[in-house]
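Chemist: Mind assembling these two chains? They're in different frames, but the hints should get you there.
Chains as they are written, first to last, in the working numbering: chain A, 1 to 327; chain B, 1001 to 1382.
There's no promise every hint is true.
What the hints assert, rightly or not - The list that follows gives simulated cross-link-like pairs (lysine to any residue, SDA-like), each with its CA atoms no further than 25 Å apart:
hint : chain 1 : residue 1 : chain 2 : residue 2
1    : A       : Lys100    : B       : Pro1374
2    : B       : Lys1152   : B       : Asp1215
3    : B       : Lys1318   : A       : Gly227
Simulated from the structure, these hints should not be mistaken for laboratory data.
Predicted model only: the values in this text are computed from it and were never measured.
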Amino acid sequence: MTVGVLLGPQRLAPIVGEAVEMLKIDGKIAAITAGWQERESEDQELCDALGNTSVNLMLHARGEAVFRDDPDFFAAHRAKQDRLRNLQELYRLRLASALKGARRVQQATAPRDLIESELEEALQALRLLDTHHAAKVRHIEEEFERKVRPLERPALRRQLREIDAILGECSGVAIAGGHVAVLYNRLRLFDLRSRIAHLPMLAWSAGAMAVSDRIVLFHDSPPQGRGNAEVLGAGLGLFPGVVVLPHARRRLMLHDHGRISVFARRFAGATCIALDERCWVKFEGARWTSGPNTFQLCSDGRLVDPTASNPPQNPPSDRPQTAAIRA
Amino acid sequence: MPSAIPSAIQTLLSQAPVSDAAVAAFLEAHTFPIIEGRQATFVFQGAVDAVHLRHWVYGLASSQSFHRIEGTRLWYHTLELPPQSRVEYKFEVVLNGQHQWIQDPLNPNFAHDPFGANSVCAGQGYRRPAWTEPDPEARQGIVKEMLFKETKLGGPRRVSVYLPARFRETRRYPLLIVHDGGDYMRYASLQTVLDNLIHRLEVAPLVVALTHPGDRLSEYPNHPGHAAFIAEQLLPEMNAKFPLYDAPASRCLMGASFGGVAALATAWRYPGTFGRLLLQSGSFAFTDIGENKRGPTFAKVVEFINAFRDQPGKPSEKVYVSCGTYESLIYENRSMVPVLQATGMEVRYEEARDGHNWENWRDRLRSGLSWLFPGPLWMVYE
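One chain only, chain B, in its complex shape (with noise of 0.2 Å):
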């Protein structure tokens, strides 16, 4: 049982014996989970043997088990959850021995990824920021498509072009290029952000680059055909299609795990190029000494940490970092600030109690994007 049990299922308790109609009307009074202050409580209904949060809050225990009031077949679970908290999570239903995963029959609220969706746990304080939601004054920007039949990756290669709102040939734009950028696409709604965005003014009109990887997993840790691809093509190809700044504080590398070590790698490999990254929860794994322990996967991805940790060099001028405190990687990216500000290059450095996934991500595109490429906001009155 929790130490301390919330006041909504006290009220329920309080009922003893709980009737059907009780927890009819419970469930008709409350929304899921049901959020007191710091504790979440997460409720399922059904007639099985066991119900266990499954949550990637790094810190806790990843399954966590429910209780069920006596004489119902309601369950429910408790966790302190800090303010400000965005938590993704699944429930475990277990009957008759088999083991199910499902999403919050509650909850409404859904995050999607690449494996599917997650129910959203919003803690207190928490509210999805309005510049991610479609703004029917904001005017939109538009997404074109490119095609490198040859690429130094080997064999062709897709690359989607979001051109601001009013994009003029006759002005020049500043580029961000983003890894994995259908995903920022579709899970973290990025064209609605760029559009509010700059929009509002908050971030200058950009022409961003959206890159469509093969196999993620070994272009990203600091593969040279990556790093070529993306420096020696894709970027000539841009200046030579688009009207871009020719400078570096012009240029931005943009990624998100993985992508956010390819960003670093790409930029290291070509130093001087791109004066601006933007790394969100990056997979920054090292060792001091002995084996990495987060298995063959990360095996190029430590070879490559720990060799710019060595000889980090000034890859960039300014970079934006942030991660979530409920990731496993917050130790790899605190680390690596240090690592960053000491190249001489200018560090932000931002955290949220949030975990390893693109709402994250999504959540913090504001703050990063405004600081790398300010907009107009105080000066132009439209």
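So here's chain A without its partners, still in its complex pose (with noise of 0.2 Å):
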């Protein structure tokens, strides 16, 4: 059972300190910010946030490492991650189609309770979409990993030894946001998931996406193409059960109700979460509270507050904290 703090951004209002005190970690923090790519050692601000106690696990940096001393193993995640990008395209093709058609049905002029029953068999068929790409997603991974055997890889291990010293004396873990396909791909490179499993653990942004079950991608009106939300894969899958969305305040539109009923019944099963500045969701396992001001997307299109019936045990104060630290 991973204890953890899901947040929203931190670049304007950073709660991560309150987040530590949240989980009591008392000790070194390993911290992975290879979501920022080539600027992943910049990491002096997230130090001082963390109250400097931590340690930047590199995972950027090692992976390159990793790249440049095994030619052809990076030849075979090169193949591997263009696969997966040609799939990503396919999927985006089925996915443009079949939700427009959901979203023709739901404006469309009848009576109501037929929309409703076609509109449930248009999402179903999204749903099952989106199943369908994370399982052939799943099975290219499992497939490189099977023929390639990365943990078996001298250049690998070299780096894996490495990084089961730092966290040997960790603990706990902070996983800031960037890149998110790059951050879910290093820590999967390296194993991270059962490395990090049992330390308490903040993660916020493109981290806290890619922890979940589910990452999903997201903006309502991006400056070219229609916007559809799309499932990358799968996350790590320490906390389960939730989609999380931040910078829903830019990204989605909040106000328009059909929109988010799509958006939350397509994900039904799991539970919607918009992260923005100061937001919050902690878990414990399985069983999840939400801070204030942290709201979910619900199938009748509102955004509800989650803690007006469950109330955390120790939320974070309203009190900005004066350090800014970049994501």
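Modeler: Right, here's the structure in full:
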């Protein structure tokens, strides 16, 4: 059972220090900033916010070192990523027509009961498509791992020994946001799930997405394209039952009840949670509580505050921290 | 008189005779111009002999007379204005035979350009895009200056360089070269737009070279020295000084009006060098037969565009073209689209109900830049 706190963006109003207190982490914290890519090591603000107790696992740089030291592995990894990109493109094509169909049914002029039953059918088709896509992604990942056996390769084992040594001295883990695919790939590459599941964990934005059990990419009004939310694949699955939506205020049309309703119903089975600044969700295994102003997207298109019926034990104060951290 | 008197004016007229108090109440109750559906009503108050609306909407009479409400000093004129329109205008006030062009005293909204400022009428549904206004959350880029002491244009030339927020020597960046860069910064809020779109992850972090022309009317229409300066001096210098991707797909030439001609002409002279073009309201005047009707300023432009239309080659890979439907150049831009498409380049063409002005060009930057250099919006959650 993993204990952790998932947070919204931390740049403008960071509450990671308060999350550390909530988790009662007493000791060093392993920081994962691989989502920042080449800026991974620029973590001074984060270290300050964590109370100067953190040590960066440098997963991005370690991944680059593995690729450099093992060209065959790098080629195989790149081929796998290309295949995943192709799969994502094909999924997007199918998704576009399926979502368009659902929205047109939702907006049709017809008796309410007919619209509702047809909409449910359309949403079920979407759920099946999402599930199918996630399974295909998992298949490609597992096939790669079976054939290439990353964890048995010397270049990777060297890095793992160092990672294990660092983790052995840590009492918690902090996973920052950034590029969610890069972050997730690094976490998976170094088999972090089994290595950190026993440690209390705080993760925000892309970090929160990567440790949940399904990564959903979303933006309702991008400058190009239709803004169709899409499943990237499974996350680490450490915090099940939620789809986390960082920057929801900026990325989602939260006032559009029809759109929110389709979103929430499409991912029904999980709770869709908007994680904006100062928002948080605390997990103890599969059970979770949420902080003030942390909203859940409901199937009727409304946003509700789950804390009203389920107040957290130890909420962070509303006092903003002065230090700003990047992501 | 307009065929349909707008309801705001009708209400005022119904109080005939219209008193000073009624006029004062009317002025207090409205913002100007008054937008009622597809009608825009311009209002002027003053003891003058006549008032005319002067605007730059191609297709409408460029001078339209106001009507005075009897017994008052209040003048009005109503214009049909389709939704989403944005129109720049002035009032021509006539008194004792003297004609004076002024900004609308009742309208606080102005647009600036190198010639001064015009009043702005925003039609139903038009709103200035939020990403064109400073966002306190957006990290700001910086602007540096470069000086070329001697150029292929003759004499020195200054170039400003925008570096995005969190610029790092260890990263690589695409390069955007902007003609009339200073005007884009001053009148089209380019730095704010870049800061915001990069911050929002809608546009990839870019290094931007902002050129400042000498005599743009002679330098821009297919001038060999201009193209050589851009491709043989500026580009190598930028490559030497900044960490740029070394691929045509990561190099873009951008310009508006004559600047659009300069961008296209430079790409045409150096095919395979600039894989992206962003052309706004290009002055793509051409003739199928006979003389150029736009005067001597356009002689070199017409010569170039005729040659380009005859043998366009494939100057780039991906081209974004925009034009306002209220511009006289709309015909030329629409005509250019199939020519560009026939080259095999990927072309996106967009129109807006706006004129030949900097705020029109500003409002199209998100669409153009995010298409040419998409940012990591879908993947990055900071």
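Chemist: Run every hint past the structure and note whether it holds.
Modeler: Going down the list of hints, with the structure as the test:
{"no.": "1", "hint": "A:Lys100 / B:Pro1374", "in the structure": "holds, 24 Å"}
{"no.": "2", "hint": "B:Lys1152 / B:Asp1215", "in the structure": "holds, 14 Å"}
{"no.": "3", "hint": "B:Lys1318 / A:Gly227", "in the structure": "holds, 22 Å"}
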